[in-house]
Every structure is written in structure tokens, then in C-alpha cells.
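K.L.:
Each chain, written out:
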Amino acid sequence: MKKGVIFVIIFLIPFIFAGLPSQKKVKEISRAIREGKIDVGTEYDMEPGQRWHNIHSEVLKIDCSDCHIEKYDNDYLYQRRYKVPVRDAPGVVKREVCLKCHREGGPTGMELYGKSK
Amino acid sequence: MARYALVIDIAKCTGCRSCVAACKLENMVQKGNYWNFVLEYEEGEYPNVRRWFVPMNCMHCENPPCMKACPEGAIKKNEYGVVLIDYNKCKGRRYCIAACPYGVIHYISKEETFYPGEKTPYEKLPSDARHPLHRKKPGVAEKCTLCWHRIEKALKEGKKPGSDYDSTPACVPVCPAEARYFGDLDDPESIVSKLIKKRKVKVLKEEFGTKPKVYYLF
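So the sequence lines, in the order shown, correspond to chains H and D. Mapping to our numbering: the first sequence position 15 is 15, numbers consecutive. Mapping to our numbering: the second sequence position 51 is 51, numbers consecutive.
No lab work stands behind these hints, which were simulated from the structure alone. Some clues are possibly wrong.
Within a straight-line C-alpha distance of at most 27 Å, the following computed DSS-like cross-link-like pairs (lysine-lysine) qualify [claimed, not checked]:
| hint | chain 1 | residue 1 | chain 2 | residue 2 |
| --- | --- | --- | --- | --- |
| 1 | D | 202 | H | 115 |
| 2 | D | 211 | D | 160 |
| 3 | D | 205 | D | 76 |
| 4 | H | 37 | D | 91 |
| 5 | D | 200 | D | 12 |
| 6 | D | 137 | D | 68 |
| 7 | D | 211 | H | 94 |
| 8 | H | 94 | D | 91 |
| 9 | D | 202 | H | 83 |
| 10 | H | 94 | D | 205 |
| 11 | D | 110 | D | 137 |
| 12 | D | 160 | D | 197 |
| 13 | H | 94 | D | 31 |
| 14 | D | 200 | H | 115 |
| 15 | D | 31 | H | 83 |
| 16 | D | 110 | H | 94 |
| 17 | H | 94 | D | 77 |
| 18 | D | 89 | D | 153 |
| 19 | D | 89 | H | 83 |
| 20 | D | 68 | H | 115 |
| 21 | H | 83 | D | 205 |
| 22 | D | 76 | D | 159 |
Partial selection, computed: residues in chain D whose CB lies under 10 Å from chain H [to be verified]:
| hint | residue |
| --- | --- |
| 23 | 57 |
| 24 | 61 |
| 25 | 69 |
| 26 | 92 |
| 27 | 98 |
| 28 | 100 |
| 29 | 101 |
| 30 | 105 |
| 31 | 207 |
| 32 | 211 |
Ideal Cβ placement from N, Cα and C applies to all residues, glycine included.
Chain H with its partners taken away, still in its complex shape:
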């Protein structure tokens, strides 16, 4: 029984993290960007083709659909939810994806979020 459960979990791991690069890879890329070894441009803006999407879609190769989903759940408490879709974006973004890489002690140098209790 136990073996079966473990087997199922191991089997599911690649699906749960599908699309997102491994933490080790993220760490390497983060360092390389910070040291200027990977050029992501200096246009600090949210438009695709500018620095932010260059880092996340071009360099980290995260699929658009790993971040942009069709719509929020009904009870998703996000104040700007009525303002979607944002300027031609392929969908809305639940900020929970960011947690995987931007928590304190996480793989990037940009520690936006604290540890939860």
C-alpha cells in the first residue's frame, strides 16, 4: 500500500513541476543574470520583449501558460481581477507561481516574499 502511494507521488512529480525549470537551474541562471553573464536588456518593463519577460520566458523558458491562465477562480481575492485581460496578455496571472522562485531563501536573488508561518 505504502509503496503504491510513494510510487504515485514520484510518478506525479514531473507533472506538478512541468514547465518550470529545476531550482538548481534557476539558481545558476539567477546568478548569471546578476553577474551580467546573460544579457536580458536594460528595459525594465512588463511588456514581452522587455527585461522582465526576457528573463522569465526567454531565459528561464517558462511557458506562457504556466503563468497566464484563462481566468481566476470565483473566490480568488485579487483587487484588479475585473481589469482583465491586461493589455493583450494571453490571460491573467495568479501570483502563486511566483512563490516557487521568489521566496526568502529561494533560488533567486530577488526574494520578494517572506517565509509563511
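For chain H, the structure is supplied; the task is to place chain D on it using the hints.
P.N.:
Below, chain D without anything else, positioned relative to chain H:
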């Protein structure tokens, strides 16, 4: 030192949006943008349904992700725990908007008036006649300031913020259901400290570790 906070009683909120209107007027927030907004959703299945109204404004996080994300250093948390955007430094990069898990930051892409081709007296007010926190312009990000202009004035006059109408955030005294409370978390005698101690409170999206200073009572 003081740390100002809001407590919102969800069980009392009727979704009337008085707080939204008061905020818009007080802070001259342009059409399409909100510093305060009421979300609503239904829960359950007929006949056991419940409708929730959740007023949301800036959570004035102790650990604000917007501040860390801003490449211009335009967002600061002041010594009273209020998170403010400096419109002179903001270059409209929108990194703060990407980082905020509550979606409370809005970008001003262009000036929009409430009536087409016409300006209300508020909209006509020239920039230098406004409080610096109301001198927003196209190309910057804006959000709730916890009515810092009111708190600041109260402190200057030696009044206790929250002690009367003018020294309390505009959204609080207008609430007909008295579902909103404002006060100092560091003062154990303040209404917010007492409510947080006595009742079951929740903050939104605790898992982000932002330590929000807007508390919800259920």
C-alpha cells in the same frame, strides 16, 4: 512608534461601496482605477448559499514585495508602517504590479475624466495645489496610502490619528455598517489591537509571507 492598521468586519459588510466612493473622492482617483474596491463572490450551492463581500485596499505589508520589486526604489514603507509610492521617482515599470499578490496597485496609462470632455472641480485642481500623494500623473503606479495625508496632518497638529473624522482614513467613518476600524497596532488600547486579540482574524494570502496590516474579521 506607531503601526497603523485597518480591521474590516466581513460579517458586517453589506457591499454598499460607501468606502469605495469616499476613497475615490478623497484621493481624487481617476476613472477606471481604484485604491479601494469591493470584491464579491458566492459560496455553496442552492439553497445553502452565502454571498461574501471583501473590500480590498493596499495591505500596507510589513514585508512589501512591491517595494523589493521596484527597480527605481520609488516605494518606501515609512516609520508608521505605511507603504507609499513616490510619484517623482516612479517610472511606470509596473514591477510592483507584477509582484503584488493582492492586485491593489494600478497603473495610470492616460488621464481619464469622469465626464467626457469635461472636468469635475476635483479633476481641475492643479498638481501643486494637491498633497504630494495626490500628484499622480500618466505613467505612474498608484495605490491606497491609508490616507497618509490625513494621518500626517493629525500628527502635525498633535492629534491622535483615528481620534476624529478628519484624522481617520476616509473609508472608515463613512461605513454605514461600522465594519471598518482604524488604529495603532502598537497601542494595546487601540480598537484594532483589541479586536485582533478578542476576535478571530485573518489576513489574506498569508502564504506569501507579506505580513499584511489589513485584518479581516469573520
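K.L.:
Does each hint fit the structure? Answer for all of them.
P.N.:
So, going through the hints one by one against the coordinates:
1. Between residue 202 (chain D) and residue 115 (chain H) the CA atoms are separated by roughly 17 Å; this keeps the pair inside 27 Å, and the hint holds.
2. About 24 Å separates the Cα atoms of residue 211 (chain D) and residue 160 (chain D), which keeps this hinted pair within 27 Å; it holds.
3. Between the alpha carbons of residue 205 (chain D) and residue 76 (chain D) the distance comes to roughly 21 Å, so the proposed pair stays at or under 27 Å and holds.
4. Our distance criterion of 27 Å between C-alpha atoms is met by residue 37 (chain H) and residue 91 (chain D), whose separation comes to about 26 Å.
5. At roughly 14 Å between alpha-carbon atoms, residue 200 (chain D) and residue 12 (chain D) fall within 27 Å of each other, so this suggested pair holds.
6. With a C-alpha separation of about 23 Å, the suggested pair residue 137 (chain D) and residue 68 (chain D) falls inside the 27 Å cut-off, and the hint holds.
7. The hinted pair formed by residue 211 (chain D) and residue 94 (chain H) meets the criterion: a straight-line CA distance of about 19 Å does not exceed 27 Å.
8. For a cut-off of 27 Å, the pair hint linking residue 94 (chain H) to residue 91 (chain D) stands: about 24 Å separates their Cα positions.
9. Restraint check: the Cα-Cα separation between residue 202 (chain D) and residue 83 (chain H) comes to about 26 Å, which is no more than 27 Å; the hinted pair holds.
10. Using a Cα cut-off of 27 Å, the hinted pair residue 94 (chain H) and residue 205 (chain D) holds, with the two alpha carbons roughly 12 Å apart.
11. Between residue 110 (chain D) and residue 137 (chain D), the direct Cα distance comes to roughly 8 Å. Compliance with the 27 Å bound is thereby established for this hinted pair.
12. Distance restraint check for residue 160 (chain D) and residue 197 (chain D): the Cα-Cα separation of roughly 21 Å lies within the 27 Å cut-off, and the hinted pair is therefore satisfied.
13. With a CA separation close to 25 Å, the supplied pair residue 94 (chain H) and residue 31 (chain D) stays within the 27 Å bound.
14. With a C-alpha separation of about 22 Å, the suggested pair residue 200 (chain D) and residue 115 (chain H) falls inside the 27 Å cut-off, and the hint holds.
15. Between residue 31 (chain D) and residue 83 (chain H) the alpha-carbon distance is near 12 Å, which keeps this suggested pair within the 27 Å criterion.
16. A threshold of 27 Å between alpha carbons decides the hint, and for residue 110 (chain D) with residue 94 (chain H) the separation of about 26 Å falls inside it, so the pair holds.
17. Taking the CA atoms of residue 94 (chain H) and residue 77 (chain D), the gap is about 25 Å. The hint holds against a cut of 27 Å.
18. Our distance criterion of 27 Å between C-alpha atoms is met by residue 89 (chain D) and residue 153 (chain D), whose separation comes to about 23 Å.
19. For the suggested pair residue 89 (chain D) and residue 83 (chain H), the alpha carbons sit about 25 Å apart, so the restraint of at most 27 Å is met.
20. Proposed proximity of residue 68 (chain D) and residue 115 (chain H) is supported: the alpha carbons are some 15 Å apart, at most 27 Å.
21. This hinted pair checks out: residue 83 (chain H) and residue 205 (chain D) have alpha carbons roughly 20 Å apart, not beyond 27 Å.
22. Straight-line distance between C-alpha atoms of residue 76 (chain D) and residue 159 (chain D) comes to about 24 Å, which keeps the hinted pair within the 27 Å bound.
23. Hint status for residue 57 (chain D): holds, given a least beta-carbon distance of 8 Å to chain H, under 10 Å.
24. Given hint, residue 61 (chain D) at the interface with chain H, holds; its Cβ is 9 Å from that chain's nearest Cβ, closer than 10 Å.
25. With a cut of 10 Å, the hint placing residue 69 (chain D) at the interface with chain H holds, because the nearest CB-to-CB distance is about 6 Å.
26. The closest approach between the C-beta of residue 92 (chain D) and any C-beta of chain H is roughly 8 Å, which is under the 10 Å cut-off, so the hint is satisfied.
27. Checking residue 98 (chain D) against chain H by beta carbon gives a least distance of about 6 Å; that is within 10 Å, so the hint holds.
28. Hint on residue 100 (chain D) holds. Least Cβ distance to chain H is approximately 7 Å, under the 10 Å limit.
29. A cut of 10 Å between beta carbons decides the hint on residue 101 (chain D): the least distance to chain H is about 4 Å, and the hint holds.
30. At a threshold of 10 Å, the smallest CB-CB gap from residue 105 (chain D) to chain H is about 8 Å, leaving the interface hint in force.
31. Because the beta carbon of residue 207 (chain D) sits about 4 Å from the nearest beta carbon in chain H, less than 10 Å, this interface hint is met.
32. Hint status for residue 211 (chain D): holds, given a least beta-carbon distance of 7 Å to chain H, under 10 Å.
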